[in-house]
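Below are the chains, spelled out letter by letter.
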Amino acid sequence: MKIAIASGKGGTGKTTVAVNFVLSIENVQLFDCDVEEPNCHLFLGFNLEKVEDINILTPVVDKTKCDFCGKCSEFCQFNAIAVLPEDVLVFPALCHGCGGCAMVCPKDAIVYENRSIGIIEKSKGGNIEFYRGVLNIGEAMASPVIKALKKHVDESKTAIFDAPPGTACPVISSVQGADYCILVTESTPFGFHDLLLALDVLRKLEIPFGIIINRCDIGDDRVEKYCDTEGIPVLMKIPHDRKIARLYSEGIPFVNRMPEWKVKFVQLLDKIQAQI
Amino acid sequence: MKELTVISGKGGTGKTTIAAALVSLAENAVIADCDVDAADMHLILQPEIIETIDFSGLKVASIDETLCIKCGICKDACRFDAITNDIRIDIYGCEGCGVCAYVCPERAISMIERKAGDAYNSETRFGPMAHARLGIAEEASGLLVAVVRDNARKLAEKYDRDLIIIDGPPGTGCSVIASIAGVDMVLVVTEPSVSGIHDLERILDVADHFNIPAVVCINKYDINEKNSLIIEEYCKDRGIEVVGKLPYDDAPTKAMIQEMTVIEYSDGEFSNKVKNIWENVREKLT
Ligand code: SF4
Ligand code: SF4
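As given, the protein sequences belong to chains A and B, one line each in that order.
Its first residue numbered 1, the first sequence is counted upward by one per residue in UniProt numbering.
Its first residue numbered 1, the second sequence is counted upward by one per residue in UniProt numbering.
By construction, these hints were calculated from the structure, which means they are not laboratory data.
Remember, predicted model here, so these are calculated numbers, not experimental data.
Don't be surprised by glycine CBs; every beta carbon is placed ideally from N, CA and C.
Careful: at least some of the hints might be erroneous.
Said to hold, decoys possible - Among chain A residues calculated to face chain B with C-beta under 7 Å, some are: (1) K9; (2) G10; (3) G11; (4) G99; (5) G100; (6) I137; (7) A168; (8) V201.
Full structure from sequences and hints, please.
Pasting the structure below:
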């Protein structure tokens, strides 16, 4: 079973939930899909080893063959290739690697070369199988890294995807294909507003979901009221506890110091299984 | 005209709270909410929308079933696995590159426009504001950010404003790059947790990569003072100024519930420290 953990608003506790969840259940894989700012490893303390480079095929133009007709630049939907009267410029960071420019080139002047935009890493040892993707600094496209990361899912295990914040393409790439999605929110105006956006995404992708309210005693009761009227299950509530906040700031998963929470995370898995 | 972007790397560090507070302190600014896929600034600023502009992002492939012979050539050509085995377009996977339409021998595929959101020009109690709403599950957030920034510049010209304060998105990818490209300075809001420190390092690398001067503000510094010291040391080593440290306080949440900036809500310690940050940042920008 594949379970994604998402939120809409950033900083609501996705990573906290993901890490404590995997530490409480058996036979599990954790995927850090927040490839722009991956944080799970900070709490797990594993040594990481590189599994693969994520490459995008980027065009290289042979200027001895090119007659500057401009067909490639006309084709490119991403403005990644510009043709001047006597030169061709490629902007690698804009290129999606679709391969179209070489197809339309009448002079066969375009070939492709691999350009690394990020890497996939894996934990060495440890009792949890952990994978993360890291997008290189200055690179724009997170989705290819996330898609490659998720190819490491072992269907015989419970796979947890820690998604990035927001509702745009990196989030879609992270939650797509999941059997269930946990939305972690806080009951503040920002938290609630962004939760509604995230719910729209899941409804559109037809992924079943439930909610965890983090720091449930700050803000007000708008999230619970909403879940009540909409019949959305509230799977867990985590109080605003200075001890939890402190452990988080130090990079310590709270179930390690507050083992009573492990039971709750096991129950969380049961609740999800019962729902789907 | 100057542009300042408030970013954070990590989400939830208080970026929007601080950006909104700065907006209420700045006298002659335009506001741009570039966190387009989870925009929150409007919840505090309650903008009155003056103009709505359709945003169409990238096109999407569409197959005419009556012409398609299911040869599968398009499926093999699509580098994004956006064509299913039964030759249908997965609209969430399609990047709109047009390769399938080009290779289809039956000309059964066309590329169609799709509305991907709205951009707004608005009026707020603190001045003009450019913002947007990305459609649900849409791509192209970077493009929409570019539209919002463009609108903000036009508003600044129209109303003779000399500063644009941009609320940026979390992360380091496409919409962040679009939010900081070419601005005069970024203010990075971080928090003293191991995640905050890690994400700060990466976002400062991004600012460096694009040659943009950065200053840092540590929010909730008293949650872990040891980590706050580590951040200060780290910034010193990189030659980056920490322009302020804000205490943990429930005023921002309470202000948010009242739809106010923290400056409007209270004149306590938190607000005073934000005022100092603003003085500091304004000086650096001029
Ligand atoms: S491969 Fe596609 S995206 Fe890249 S330059 Fe060529 S046409 Fe543009
Ligand atoms: S337009 Fe490009 S991404 Fe979309 S289905 Fe066709 S080949 Fe694939």
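To see whether the hints hold, each was checked on the structure:
A cut of 7 Å between beta carbons decides the hint on K9(A): the least distance to chain B is about 6 Å, and the hint holds. Interface restraint check: G10(A) against chain B, minimum CB-CB distance 1 Å, threshold 7 Å, status holds. About 1 Å separates the beta-carbon of G11(A) from the nearest beta-carbon of chain B, less than 7 Å, and the hint is met. At about 6 Å, the closest approach between the beta carbon of G99(A) and any beta carbon in chain B falls short of 7 Å, and the interface hint on this residue holds.
About 5 Å separates the beta-carbon of G100(A) from the nearest beta-carbon of chain B, less than 7 Å, and the hint is met. The beta carbon of I137(A) is positioned within 7 Å of a beta carbon in chain B (closest approach about 5 Å), and the interface hint is therefore held. For A168(A), the interface hint holds, since its Cβ comes within 7 Å of a Cβ in chain B; the closest pair sits about 4 Å apart. About 5 Å separates the beta-carbon of V201(A) from the nearest beta-carbon of chain B, less than 7 Å, and the hint is met.
Checked against the numbered hints above, the structure violates none of them.
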